[in-house]
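With chain A held as given, fit chain B onto it using these hints.
So the chains spell out like this:
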Amino acid sequence: GIQVEQSPPDLILQEGANSTLRCNFSDSVNNLQWFHQNPWGQLINLFYIPSGTKQNGRLSATTVATERYSLLYISSSQTTDSGVYFCAVEPSEAGTALIFGKGTTLSVSS
Amino acid sequence: EAGVVQSPRYKIIEKKQPVAFWCNPISGHNTLYWYRQNLGQGPELLIRYENEEAVDDSQLPKDRFSAERLKGVDSTLKIQPAELGDSAVYLCASSFSGPWETQYFGPGTRLLVL
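As given, the protein sequences belong to chains A and B, one line each in that order.
Take 150 as the starting number for the first sequence in the working numbering and just add one per residue.
Take 2 as the starting number for the second sequence in the working numbering and just add one per residue.
Careful, some of the hints might be misleading.
With a straight-line cut-off of 20 Å between C-alpha atoms, the simulated SDA-like cross-links for lysine to any residue are [claimed, not checked]:
no.	chain 1	residue 1	chain 2	residue 2
1	B	Lys12	A	Gly190
2	B	Lys17	B	Trp101
3	B	Lys79	B	Asn39
4	A	Lys203	B	Tyr105
5	B	Lys12	A	Pro188
6	A	Lys251	B	Gly41
7	B	Lys79	B	Leu115
8	A	Lys251	B	Phe97
9	A	Lys251	B	Tyr105
10	A	Lys203	B	Leu40
11	A	Lys203	B	Thr103
12	A	Lys251	B	Glu84
13	B	Lys12	A	Gln191
14	A	Lys251	B	Arg111
15	A	Lys251	B	Ser88
16	A	Lys251	A	Ala166
17	A	Lys251	A	Gly165
18	A	Lys251	A	Gly201
19	A	Lys251	B	Gly86
20	A	Lys203	B	Asn39
21	A	Lys251	B	Lys17
22	A	Lys251	B	Gln42
23	A	Lys251	B	Thr32
24	B	Lys12	B	Leu113
25	A	Lys251	B	Leu40
26	B	Lys72	B	Gly41
27	A	Lys251	B	Lys79
28	B	Lys12	A	Trp189
29	A	Lys251	B	Asn39
30	B	Lys16	B	Lys63
31	B	Lys79	B	Thr32
32	A	Lys251	B	Val90
33	B	Lys63	B	Gly41
Because the hints were derived from the structure by calculation, they are not lab data.
Extracted from the complex, chain A is given alone in its bound form:
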């Protein structure tokens, strides 16, 4: 099955710093979503981005489907950005579910 690899596994930042999280996937996909899981376990959808670039405030994401990767950019990080960021893909094979990566754990300190 499709492999979803996220890097780095862990990231420690000072408040105000910028960061880039990467998601590589091994096969073609119909759908790619980025999620943030806060320290209390709530998963929040950040972007639905099978291709192209989207921005939402301090966050932006780019997916290059032909090269099988996606990037999540966090600018001017805040302590509330801490948590785990997951990339999830829906393989092009019809009827299959979202496959999640193992996530990047981000810790932002003040």
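Same frame as chain A, now just chain B:
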């Protein structure tokens, strides 16, 4: 608009006991998902419903797990009997009409099997 509601939030049981989790999706969402998240891992799909039909249950351990969504709205996931390895967070999610759309997650039920 209310989000996905799950109960209970926490459950501690002894092995071999039964346990059930309940989920009410966002109003109007036809697709409902149950995921299991082990510590340090991403969620893994257990079952997906389109209305009341289970369309993907390939990862559901059917010897001990069962699920239902009788009226195409809320859903129940049951484990009987529970094993130590079932300790995890059980997440429910919903989307308007399929996995190709944005999925909205509930807060999860944290299960500990002793």
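Do the hints match the structure? See the list:
no.: 1; hint: B:Lys12 <-> A:Gly190; result: holds (15 Å)
no.: 2; hint: B:Lys17 <-> B:Trp101; result: violated (37 Å)
no.: 3; hint: B:Lys79 <-> B:Asn39; result: holds (17 Å)
no.: 4; hint: A:Lys203 <-> B:Tyr105; result: holds (19 Å)
no.: 5; hint: B:Lys12 <-> A:Pro188; result: holds (19 Å)
no.: 6; hint: A:Lys251 <-> B:Gly41; result: holds (7 Å)
no.: 7; hint: B:Lys79 <-> B:Leu115; result: holds (17 Å)
no.: 8; hint: A:Lys251 <-> B:Phe97; result: violated (26 Å)
no.: 9; hint: A:Lys251 <-> B:Tyr105; result: holds (19 Å)
no.: 10; hint: A:Lys203 <-> B:Leu40; result: violated (30 Å)
no.: 11; hint: A:Lys203 <-> B:Thr103; result: holds (14 Å)
no.: 12; hint: A:Lys251 <-> B:Glu84; result: violated (24 Å)
no.: 13; hint: B:Lys12 <-> A:Gln191; result: holds (17 Å)
no.: 14; hint: A:Lys251 <-> B:Arg111; result: holds (19 Å)
no.: 15; hint: A:Lys251 <-> B:Ser88; result: holds (18 Å)
no.: 16; hint: A:Lys251 <-> A:Ala166; result: violated (23 Å)
no.: 17; hint: A:Lys251 <-> A:Gly165; result: violated (25 Å)
no.: 18; hint: A:Lys251 <-> A:Gly201; result: violated (23 Å)
no.: 19; hint: A:Lys251 <-> B:Gly86; result: holds (19 Å)
no.: 20; hint: A:Lys203 <-> B:Asn39; result: violated (30 Å)
no.: 21; hint: A:Lys251 <-> B:Lys17; result: violated (30 Å)
no.: 22; hint: A:Lys251 <-> B:Gln42; result: holds (5 Å)
no.: 23; hint: A:Lys251 <-> B:Thr32; result: violated (24 Å)
no.: 24; hint: B:Lys12 <-> B:Leu113; result: holds (6 Å)
no.: 25; hint: A:Lys251 <-> B:Leu40; result: holds (10 Å)
no.: 26; hint: B:Lys72 <-> B:Gly41; result: violated (34 Å)
no.: 27; hint: A:Lys251 <-> B:Lys79; result: violated (26 Å)
no.: 28; hint: B:Lys12 <-> A:Trp189; result: holds (16 Å)
no.: 29; hint: A:Lys251 <-> B:Asn39; result: holds (10 Å)
no.: 30; hint: B:Lys16 <-> B:Lys63; result: holds (17 Å)
no.: 31; hint: B:Lys79 <-> B:Thr32; result: holds (19 Å)
no.: 32; hint: A:Lys251 <-> B:Val90; result: holds (15 Å)
no.: 33; hint: B:Lys63 <-> B:Gly41; result: violated (25 Å)
The structure does not agree with the numbered hints 2, 8, 10, 12, 16, 17, 18, 20, 21, 23, 26, 27, 33 stated previously, though it agrees with the rest.
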